[in-house]
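Here is what each chain is made of, one letter per residue.
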Amino acid sequence: MRMKRVAAVAAAATLALGLAACGGDGESGGSGSKGLIGKAQNQKKLVIGVKADQPGLGLQTGSTYEGFDVEIAKIIAKGLGVEAGSIEWKTTVSANREPFIQQGTVDLVVATYTINDERKQKISFAGPYFIAGQDLLVNADSTLVGPEGLDGKTVCSVTGSTPAKRIQTEHPKAKLQQFDSYSKCLPLLENRKVDAVTTDDIILAGYAAQDQYAGKFKVVGKPFSSEPYGIGLKKDDKDGCEKVNEILKAAASDGSYKAAWDSTLGKSGKAAPELDTTKLTNCGSV
Amino acid sequence: MHVFADQTNLDAYVSGFLWILKLTGASTFFALVLGVLLAAFRVSPVPVLRGLGTAWVNIFRNTPLTLIIFFCYFGLFSTLGLSLSDDLNLNNYWLGVVGLSVYTAAFVCEAVRSGINTVPAGQAEAARAVGLTFFQTLRIVILPQAGRAVVAPLGSVLIALCKNATIVGTIGLIEASSVMKDLINSNGDAVIPIFLVFAGTFAALLIPTGYFFGWLANRLAVKR
Amino acid sequence: MSSTVLYDHPGPRARSRNAVLSVAFGVGLVVLLWWVYRKFDEAGQWEGQLWQPFTEPDTWTQFIIPGLRQTLLAAATGMLLSLAFGILFAVGRLSERWWIRVPSGIVVEFFRAVPLLLMIFFIFYGVPFLIQGPVSAFWSVVVGLTLYNGSVLAEAFRAGVRSIPTGQSEAAYAVGMRKSQVMQLILVPQAARAMLPVIVSQLVVLLKDTALGYIVAFPELLQRGVNDLSANYGNVVAAAIVVAAIYILINSLITMLAGWLDRRSSRRAYRAPKQNVRDSTPADGGTVGEPQG
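Protein chains in written order, with this note's numbering: chain A, 1 to 286; chain B, 1001 to 1224; chain C, 2001 to 2293.
Hint data in this document are derived by calculation from the structure and do not stem from the laboratory. Any given hint could be a false lead.
[Stated by the list, open to error] With a straight-line Cα cutoff of 30 Å, these simulated DSS-like cross-link-like pairs (lysine-lysine) come out:
1. 1022/B x 165/A
2. 122/A x 1022/B
3. 44/A x 90/A
4. 2039/C x 193/A
[Claimed, not checked] Reference listing, derived: stretches of chain A covered by chain C, where coverage requires no fewer than 3 residues with Cβ under 8 Å from a Cβ of chain C:
5. 57 to 70
6. 87 to 93
[Claimed, not checked] Covered by chain B, according to a simulated footprint, are these stretches of chain A (three or more residues, beta-carbon under 8 Å):
7. 154 to 164
8. 172 to 180
Ideal Cβ positions, reconstructed from N, Cα and C, are used throughout, including at glycine.
Generate coordinates for the entire structure from the input sequences, incorporating the hints supplied.
Encoded structure:
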């Protein structure tokens, strides 16, 4: 008797394992063929990947997400005819954005996603909707004025990220402490175990503006790179990409872009940037 | 295999596994010393020491290693200001060794304690009868016999320690798993060969180690 | 052998010596803890604003409890699958047919030797390229846990089956049972009962290992309770202390359950040896459990 039960559990478990391994195949296939616009029209819902741990851009507070990226995602969803309530948010980390898009886990990624050629080989970018630049976050009393002062200093960044790699190649004398998220760098900066935290200025500004760090940190304000933030979507989806660019253009002129900024990052007092619609991508017409 | 034809990638691979070996080496030493000491505490006549041993085992054995390593960095180093080296990587390395050692010591302690339990009571009674003190009994009579019985479980603990060394990557030491992550991110087309090389290296290191400990345990086993 | 055999019943001198040692170590310990407390205080770690989030219900309902639920769900699913995997491969390794025995052996040895971190990472980022579809963070963690813990359990089961007195299977053969019947009806049920404490203590290992899921953004206790929570409030150390306490509490309960089952099964007539040292292969298991992250 007992053995039969054990065998049944074993069989059920093996079956579940098998199902899990091939699960998800079907759902991505159907929607992928019709592209982003098709999915938005037919299903009236979208899955959008955002960051969960970046204050001001994409921060998960309980079950909801908030931030500039999230607002931009809502504008795009609205332009595609999908209500904000029908968006399924998915947490992405830097390392899984391309796989998520390629495998159809998400329809769009709006997650401080820098447009570059390496990524363009795997996915398409719409946008950019914002131009960030790598900068340094330091203690309020720090004398550090730019990356050239980093020699012999300790800098904190995320393992394998573009900012971390840039420090390694362009400032090899700086000591680099790497973690899996920027939020771990901040207590170290507070305790003065690192001299600076480096990544895109907009992300740093988001952290500096958090209540618990109010007045403690400052962003140096001398960006030493240009990071155009794009909206990632499937590589072959040219129509979807062009549609997203149209929506961004409209958002720039009807004030919803500025409203998105003002309700999130704008709270720190920084004026909304101008969305330069002439710089939008040609959607992969290589 | 084109990934490993690149000299930079090859160097990263080698240095990743060197960190794993260095972490395993130093942590094995400290975990063994600490673990045996804790086991002695747990069987000692002094209640406070027994309590300390028990508390140590219960706390460290029940906390995920990721959190322990995390505490070593944010607690010991960042908050308590305990800096173990001026070099950033070496400091992270030693903090990792501390975390791995205190965690593994709990398992060594339990292995040794169960080894002590395999020694027949008559042995200790005889030792006491000839007038040996607690520490003499433990050092001369019990531990040498228990040692033979714990070779196999200690082998498993050591193997687990080597695998656990990958977790030190979470505080920024670029060990094997971090290297693999980096290589996979930049070589999406060669994910499988990259994994097979890294997993294969671990298997090549650890499977023979396992058989060696099995053989050693068999050889040293006390025939009763 | 109980530890009291190791020393004589303390006389007056031994008692006073033990008391002195107790006080000396006790004071040392208190001083150390006080020093840690002071240092944390200097660093402002006890400041109200770092701990205040934990008095708000939102912190628990939005971060910690959902995270804990995912942790428990992953651990429970992983345990069921590990048991299935363990039984399957233990029986496989005990097979008389080499073409079943050898592959089972290779699978078990391989997955015991590969760090879980590597496995989870590969399943999450590598397997999608093989099956041409996404693998969720949950399943990467659960499958990773299953392959590793299932292999450990397979070895424990095998040691358990081999430790059953040969008279049992001989008697079964004598009444005319086939090999598969002997295995199913006689050996596995007895081994499974004897291995119950090992299975439960492996659950502790499994539960702790789910914490590695945060590397693929699986929203378990460590990810939600430490990483996401501290991104909101900037209280990394405080959050880690709270989360560690939760892990310790749950795992202590499971360990106590394992101890109770161990005592209960040892009262029964038959009992498997904790560690079969005479086994020529590197068998582990035993109540020591395998330390994993």
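Now the hints, each set against the structure:
1. 1022/B x 165/A: Since the Cα atoms of residue 1022/B and residue 165/A sit roughly 25 Å apart, the hinted pair holds (cutoff 30 Å).
2. 122/A x 1022/B: violated (38 Å)
3. 44/A x 90/A: holds (17 Å)
4. 2039/C x 193/A: holds (15 Å)
5. 57 to 70: Check passed, 5 qualifying residues.
6. 87 to 93: holds (count 3)
7. 154 to 164: holds (count 3)
8. 172 to 180: Holds, because 6 residues of the region 172 to 180 of chain A bring their Cβ atoms closer than 8 Å to Cβ atoms of chain B.
Against the hints set out earlier in the document, a violation occurs for number 2 only.
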